[in-house]
Each structure stands twice: as C-alpha cells, then as structure tokens.
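Enquirer: Using the sequences plus the hints, can you model the full thing?
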Amino acid sequence: MRLQLNLLFIVIFFFLQSSCRDKNCNETGECPPATFRMTLEGSKNYLYADTGSWWIYKNNKTGELDTQTVRKFKFDSIVNQCHEYDHGYSTVVYDYLSRTIYSSFNKWLITDVTSSYHACSYSFDVPPTHTVHLTRTTSEGGKRYAFTDPFSSETTLNDYYSKTTYIGIDNTITLRGKTYSNVLRFQVEHDNTWFGKDVMTNNMTEPTVVYYWAKDVGIISRYNVSDNYSWELIDYKINR
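In my numbering, the protein residues as written are -3 to 236.
Among these hints, one or two may not hold up.
[Stated by the list, open to error] Restricting the straight-line Cα-Cα distance to at most 30 Å, the calculated cross-link-like pairs of lysine-lysine (DSS-like) are:
id	residue 1	residue 2
1	K57	K174
2	K174	K68
3	K54	K174
4	K159	K57
5	K68	K211
6	K174	K211
7	K54	K139
8	K159	K40
9	K211	K139
10	K103	K57
11	K40	K103
12	K211	K233
13	K57	K211
14	K103	K54
15	K103	K70
16	K54	K233
17	K57	K70
18	K103	K159
19	K211	K159
20	K68	K40
21	K70	K233
22	K68	K103
23	K139	K40
24	K40	K233
It is worth saying that the hints were derived from the structure and are not from the lab.
Expert: Take a look at the structure:
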C-alpha cells in the first residue's frame, strides 16, 4: 500500500512539474521550436511572371510605346531561423519573389522584390503578421513601394517622403477593349520608378501616380495624377 502511495505521489509530482514547465516555458527557455509558414497567397496572382513574360504599354497622351520584358525571375521558399532571448528559437518559412524587367522606353532595368520575414522581430508564441511589401527599384536610382498585401484601406507604407496607399479593388475594369478582373489600385506619392528625368532640367520627375494591378496579368495602367495622362496596357504575355 505504501509503495502504491509513493508511486502515486511520484506521478503527481512529475505531472505538476510537466504542467508548470509547459505553462512557464517562456521563462525557463524550454519551449519547443515554433514554425511559421508565410506564403504569397493572393499576391502571387498579381506578381508572378516568369522569364520571357512581357507587357506593351501605350502613352495615351503622346502615343509612345514601351515594351517591358522579364529578363530574370525567381520564386523560392526561404528558411529563416532565429534564436530568441528567452524563448528557444523560432523558424519562419516564407515565399520570396523577385523579377528583373527591361523597359524599352526608358532603357533601364526595373527590379521588383517582395519583402522577407525576420523571426527575431516577433514574440515566440505570437505568429508574425502576414504582410507582403513589393519594393520596386530602377537602375537609374528610383526606389519605391509599389504593392502591399493584405489589401486594406488602412495599409500605407512610408518611404522617406513618399507614401504608398491602397485605394481599393474593382471587380472588373475595361481598358482599350479588354476586360480585367480583380483590379487593385495603389497610389504612390513622388514616384521616381517610372517617369525618369526631365529633358530640360535633368532632374528626376516624381509625380503622384495610381497603379492598377489586374489579377493574373500585373500592371495594366499607370495614371500620372500630377500631369493627367496614363501608360496603358495594349498587349501582354505571362509565362507561369
């Protein structure tokens, strides 16, 4: 009988110790590894365009054309592992997309890169916020945020004195006789990634611009709010 009681006390003791360990693992540093999987999800439908994809745009004011061709493309899953101060370690596996596009009009390269996720920036037991920031950079020195996800009216990104704001989504938009679905609109202040340098002053022009992104296509229009004209998509081919 005494042996049975001793065994019972031992079981209870280890049970309490285990419960305490689970409850206070943050303090003891004995928490198991936490893994978070971050995907591009809906963003991928707007950004994915493999090598050889192209878009042809027409300036609705001057009639000039610009063919943009994807020269390099990468889509991969990145593993980021981080040791935390008190919490063991966390692992974030996230999708990464980058593409390099050549513009025949500007004769420069445009590089689009999605944001990465850093496990060290988050609490061990709280999943990272699922956000996607697309940074657009040109070989001439322009750099701005051009796309964000989740698609929320409260989402704005500040980059020095520029601000990128999500305006809304249109179920369909018809442009030059073609109808596009699920079109996102983003406004970029002081955009320096598309319009280049002023011919007279050689200064970089940075107008306020509205970008229209269509699902399974990409950018279908760039409306220059400051000067009231657009570059509009007239043809395209997307490789997937």
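Enquirer: Against this structure, judge whether each hint is valid.
Expert: Here's how the hints hold up against the structure:
1. At roughly 19 Å between alpha-carbon atoms, K57 and K174 fall within 30 Å of each other, so this suggested pair holds.
2. A hinted pair counts as satisfied when its Cα atoms are at most 30 Å apart, and K174 with K68 qualifies at roughly 28 Å.
3. Note on K54 and K174: the hinted pairing holds, with a Cα-Cα distance of about 14 Å set against a maximum of 30 Å.
4. As the CA atoms of K159 and K57 are separated by approximately 26 Å, the hinted pair is consistent with the 30 Å bound.
5. Simply put, K68 and K211 have alpha-carbon atoms about 21 Å apart, close enough for the 30 Å limit, and the pair holds.
6. Among the hinted pairs, K174 with K211 is consistent with the structure: their alpha-carbon atoms are about 13 Å apart, no more than 30 Å.
7. Between the alpha carbons of K54 and K139 the distance comes to roughly 23 Å, so the proposed pair stays at or under 30 Å and holds.
8. Note on K159 and K40: the hinted pairing holds, with a Cα-Cα distance of about 23 Å set against a maximum of 30 Å.
9. In summary, the hint linking K211 to K139 is supported, as the alpha carbons are separated by about 24 Å, within the 30 Å threshold.
10. With a CA separation close to 20 Å, the supplied pair K103 and K57 stays within the 30 Å bound.
11. For the hint pairing K40 with K103, the CA-to-CA distance comes to about 27 Å; that is within 30 Å, so the pair holds.
12. In summary, the hint linking K211 to K233 is supported, as the alpha carbons are separated by about 13 Å, within the 30 Å threshold.
13. Distance restraint check for K57 and K211: the Cα-Cα separation of roughly 26 Å lies within the 30 Å cut-off, and the hinted pair is therefore satisfied.
14. Of the pairs offered as hints, the one joining K103 and K54 holds, with about 16 Å between alpha carbons and a cut-off of 30 Å not exceeded.
15. Proximity of K103 to K70 is assessed by CA-CA distance (about 22 Å); at most 30 Å being required, the pair is judged to hold.
16. The suggested pairing of K54 with K233 holds, with an alpha-carbon distance near 16 Å, which does not exceed 30 Å.
17. A C-alpha spacing of about 35 Å is found between K57 and K70, which places the hinted pair above 30 Å, so the restraint is violated.
18. Using a Cα cut-off of 30 Å, the hinted pair K103 and K159 holds, with the two alpha carbons roughly 26 Å apart.
19. For a cut-off of 30 Å, the pair hint linking K211 to K159 stands: about 23 Å separates their Cα positions.
20. With a C-alpha separation of about 16 Å, the suggested pairing of K68 with K40 holds against the 30 Å cut-off.
21. Among the hinted pairs, K70 with K233 is consistent with the structure: their alpha-carbon atoms are about 18 Å apart, no more than 30 Å.
22. Taking the CA atoms of K68 and K103, the gap is about 16 Å. The hint holds against a cut of 30 Å.
23. Taking the CA atoms of K139 and K40, the gap is near 21 Å; set against the 30 Å cutoff, the hint holds.
24. The hinted pair formed by K40 and K233 meets the criterion: a straight-line CA distance of about 16 Å does not exceed 30 Å.
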